[in-house]
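Heads up: the sequence lines are chains A and B, in that order.
According to numbering that gives the first Met the number 0, the stretch in the first sequence is residues 0 to 284, in order.
According to numbering that gives the first Met the number 0, the stretch in the second sequence is residues 0 to 277, in order.
These are computed hints drawn from the structure, not numbers from a lab.
Since the structure is predicted, the reported quantities are computational estimates derived from the model, not experimental observations.
There could be a bad hint or two in this list.
Claimed, not checked - Output of the computed footprint for chain A on chain B, the stretches with three or more beta carbons under 8 Å from beta carbons of chain A:
(1) 5-11
(2) 37-48
(3) 101-114
To be verified - Over the 10 Å line for every Cβ pair with chain A, so calculated as not near, a few chain B residues:
(4) Ile127
(5) Pro172
(6) Gly243
(7) Ser245
Don't be surprised by glycine CBs; every beta carbon is placed ideally from N, CA and C.
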Amino acid sequence: MSSAPRQKRAYTLGTVTVIYLLWSLVPVAIAIMFSFNSGRSRSVWQGFSLRWYTWDPQGSVLNNESLRTALTHTLLLGVLATAVVVPLGVLFALALDRWRGRIPTGANFAVLLSFVVPEIALAIGLLFMVTWLATPFELGTTAQVVGLITFQLAYPVVIVRARLLTIGTQYEEAARDLGASPLGAVRRVLLPMLYPAIFVSAILVFADVLDNFVLVRYLSSNAGTETTSMKIYNTARAAPTPALNAIATLILVSSFVVVIAGWLAYRKWGRSDGEDTGLGAIATM
Amino acid sequence: MALFFAVPLYVVLCVAFGTVDPLFRTSVPVWNPMQWQFTQLATVFERIVGPENFYLPPVLRTIGFVVIAVAVCLAIAFPVAYFAARHAGRHKALVLTLLVAPFWISYMMRMLAWVNLLQNDGWVNKVISLNGLLPTEQNWLAGRPTTVILGLIYGYVPYMILPLFAALDRISPSLLEAARDLGAGGFDVFRRVIVPMSLPGVAAGMLLVALPMMGDYFTNDLLSGSPGTSMIGNLINNSISTPGQSGQAAALLLIVLLVLAAPMIWYTRTIAKSEVRS
Numbered sequence: 000m001s002s003a004p005r006q007k008r009a010y011t012l013g014t015v016t017v018i019y020l021l022w023s024l025v026p027v028a029i030a031i032m033f034s035f036n037s038g039r040s041r042s043v044w045q046g047f048s049l050r051w052y053t054w055d056p057q058g059s060v061l062n063n064e065s066l067r068t069a070l071t072h073t074l075l076l077g078v079l080a081t082a083v084v085v086p087l088g089v090l091f092a093l094a095l096d097r098w099r100g101r102i103p104t105g106a107n108f109a110v111l112l113s114f115v116v117p118e119i120a121l122a123i124g125l126l127f128m129v130t131w132l133a134t135p136f137e138l139g140t141t142a143q144v145v146g147l148i149t150f151q152l153a154y155p156v157v158i159v160r161a162r163l164l165t166i167g168t169q170y171e172e173a174a175r176d177l178g179a180s181p182l183g184a185v186r187r188v189l190l191p192m193l194y195p196a197i198f199v200s201a202i203l204v205f206a207d208v209l210d211n212f213v214l215v216r217y218l219s220s221n222a223g224t225e226t227t228s229m230k231i232y233n234t235a236r237a238a239p240t241p242a243l244n245a246i247a248t249l250i251l252v253s254s255f256v257v258v259i260a261g262w263l264a265y266r267k268w269g270r271s272d273g274e275d276t277g278l279g280a281i282a283t284m
Numbered sequence: 000m001a002l003f004f005a006v007p008l009y010v011v012l013c014v015a016f017g018t019v020d021p022l023f024r025t026s027v028p029v030w031n032p033m034q035w036q037f038t039q040l041a042t043v044f045e046r047i048v049g050p051e052n053f054y055l056p057p058v059l060r061t062i063g064f065v066v067i068a069v070a071v072c073l074a075i076a077f078p079v080a081y082f083a084a085r086h087a088g089r090h091k092a093l094v095l096t097l098l099v100a101p102f103w104i105s106y107m108m109r110m111l112a113w114v115n116l117l118q119n120d121g122w123v124n125k126v127i128s129l130n131g132l133l134p135t136e137q138n139w140l141a142g143r144p145t146t147v148i149l150g151l152i153y154g155y156v157p158y159m160i161l162p163l164f165a166a167l168d169r170i171s172p173s174l175l176e177a178a179r180d181l182g183a184g185g186f187d188v189f190r191r192v193i194v195p196m197s198l199p200g201v202a203a204g205m206l207l208v209a210l211p212m213m214g215d216y217f218t219n220d221l222l223s224g225s226p227g228t229s230m231i232g233n234l235i236n237n238s239i240s241t242p243g244q245s246g247q248a249a250a251l252l253l254i255v256l257l258v259l260a261a262p263m264i265w266y267t268r269t270i271a272k273s274e275v276r277s
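With the rest of the complex left out, here is chain B (with noise of 0.2 Å):
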């Protein structure tokens, strides 16, 4: 199990500091670690910092991309998992398998689903034309930051819902009487114990949703399939399309597992430890 951790991670390390063939163009893993060089990486540093930076856009974009969709899926899922868990009372089982719903839904299928509803004669632009009789044909596949970071929010916030939920629902309601007892007002006892006792919640949450979509490729793909919405999971994808780039692909993967590093280890720092307590 854990040989199948280490030994793919070595090798992304191998690929990712190995050499490039003179001859063929193709990425050589270099199995010596004391022989190890760092060209590659060099290259794909240079691409985003250096003059000639065109990493650096999908970079950049990649960051605001996830922050908005993290904040909307955050503003989505709160309400929704606050209602689940306090308000829904004896429905809660239904909100509960409706939320889980998309869970058993290949997330393929549920971008398909949009993709058909965006298509140029797709029902949005329908609604949006009163159909057909306003002239306003959205071309909304081609390339549109918004359509991404939408398809990045449908896609990705059930696994928000989820965590928030179980937070929320963990609150005990003898607590909230008695603050409401000691004389906190409703926004109070909102704002001083039920935010707090869901913050965990919440940061796993936001992890949950974050940490997947700095991988994803595919949404962009099928959503806009335009270089201008690109992000640094096509970066990582289109060079591992074209031969001879895996290095590249090994370096950019590297650094984004670097930079994700400490998020992931105190995801799962935090679920080890809850899972001693319990």
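Here chain A stands alone, though its shape is the one from the complex (with noise of 0.2 Å):
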């Protein structure tokens, strides 16, 4: 009952959380200021510069047409991935909502089970069906991208339908009685409620986007198809240059960008709106 003990407890714990906290940032913190090292080391500090960035004649970011390419390629996955997943999640989201039965519980399984079924699988998958089926594309931007959907679209699903659940059917109804059409309901009641759901899940699809390698990797075709990860993985034992750390330092702001600005949307969403948008599911997930 005492508190001392409690409090030692607490202090305790305290001491191992910002240990593990140092562990987990701080080698990342040492690679993206090695992005700014006026040498080639990654490991002796020589001065600070922008040349990994901008204005090392080969081997820059801005003048390295590979590292260009697949900077500029994760981002256009991230947009292209974003841009179908997130309506047709919410097309889902609604439809499992509303239809009751056998399919849709069978969809929701299907959506909540791809969260744990190892990425290697789904990618295996779909390079064996783009290699062996006459599927209307192949492999590169759009197998990618393909796969990419299949992927991520139990985010916008899981968030969305959270959402649905918590306003339930009343304001819908309201809407009804006061006249509205079926569609209308939903499109100038519903959805201006979901927004800030739509909003979370797209943030959350980019940035995942962004980070993925397993399927990007088995459906890309050349070069030109290659994203920041796959550069990663296969230059980060072969001698790369600062400049390899310069272009994870870019997604990696990228995406703490979109985050960021993600979260102060929320919040004066979230203030006028109620809280439970659905950050509850993802940190049961």
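Using the hints, put the two chains back together into the complex; each one sits in its own frame.
Below is the structure:
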């Protein structure tokens, strides 16, 4: 009952947590730091410069074509996949919410299952499918986007559905009673209430696509469809320059900018709109 | 949607149960289930348990690595999640933000960070040798199991902390107060209330890190690259990258999926049920 041992325990746990956080974040901070190194080394600090970002004639992200392609292709995949996955996921969530019976139950199961199926399984399956079946697309950007859509669909579905469950049916019914058409009720009443959830899932999907490696690697076709994570995988052990750190840093910055901007907007929304918009659903995932 | 899941899986089956073209030595999928052959599966099985069982060490290694890594992950994640949920106080938001931060950092970048640190002239060796005073040039990246296991732990532990945090955060403080009022000591409260109530979170967290580790090959490739530490994921990836071995890759994948089916379905069912309840 005494509070002294409790306090002591909190200090011990706090120390463990601080050590863990340092261990988890400092290596990345060091990697970012070396992207600004003026020399070729990734372990000896030779002074600050933007050499590996902009001005090195061959090796910088700006001037090296393969690095530049990797960066732009990663961002392109992020935008394309998000643009398709989010609307598709919203429709899917609405369908799962409305439609009762075996098929939606099975589909819901499939969505949840996709969180735990090893990514390599889906990636290889899609690779085989594209290789051996007459699919309307070939390996490369299209295959990568299709693969990412399949893999990422679960995010918007789960988040939007959690939101739909908390909203309930009463608002929509009220709109119908006031004379809205079924579609109008969804579009003018339900959809605006779903915006925060839609927004959160778009951010999650975008950031996760930037991070994707297994799928985009198996479904890539040539150097033109190489992403940043593939670039790191391919060259990390083959005497890379700090430019590799630079391109990784740029992706990290893109992802953080989107997440922070999203978080700020979400907070603004959340204030006016009650709290639980599906972040709880992510935490339990 | 279901199509995009079912069709790839079916193709994997057709390749796994397919034949090998006698001329070009390439895998040929067999689309008709009635004509499925078991040669690929038999080959893989033979390599795991047969006389020339060169697949067996990677399989056993995978199990060993994953068990150790998951255990260490739990040992790290539980105290951290416990602190974040119950003792972080006014720093809770900050602690949570920092705990979530690794999710927004690419996995590859996090591995790259360690490749940098563990190079021969990297900072880890510098610290160990007290900046060159002691002659300890450790070659961390040349196929050391320890490095790979540490990489796995580093890579996946954030995925365990969050479900644990969610489970611990949900335990109502009044429940713990009630336990204390009823005479339980601090340790008793922990052992008989907190631990049992966090078990679903522990199970979910362990699954969420163990399942992807089973298919992981890139951590190994980046931090070791030696066949001496290769895991099942490496076997699959190497077969995929070798022309003509797609059938073996498919068969290996199938075996992995069958072994993991039970935990995957268990997890999915639990989540689906908790959704219905809420």
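Okay, the hints, checked on the actual structure:
no.: 1; hint: 5-11; result: holds (count 5)
no.: 2; hint: 37-48; result: violated (count 0)
no.: 3; hint: 101-114; result: holds (count 14)
no.: 4; hint: Ile127; result: holds, 13 Å
no.: 5; hint: Pro172; result: holds, 13 Å
no.: 6; hint: Gly243; result: holds, 13 Å
no.: 7; hint: Ser245; result: violated, 7 Å
Checked against the numbered hints above, the structure breaks hints 2 and 7 and satisfies the rest.
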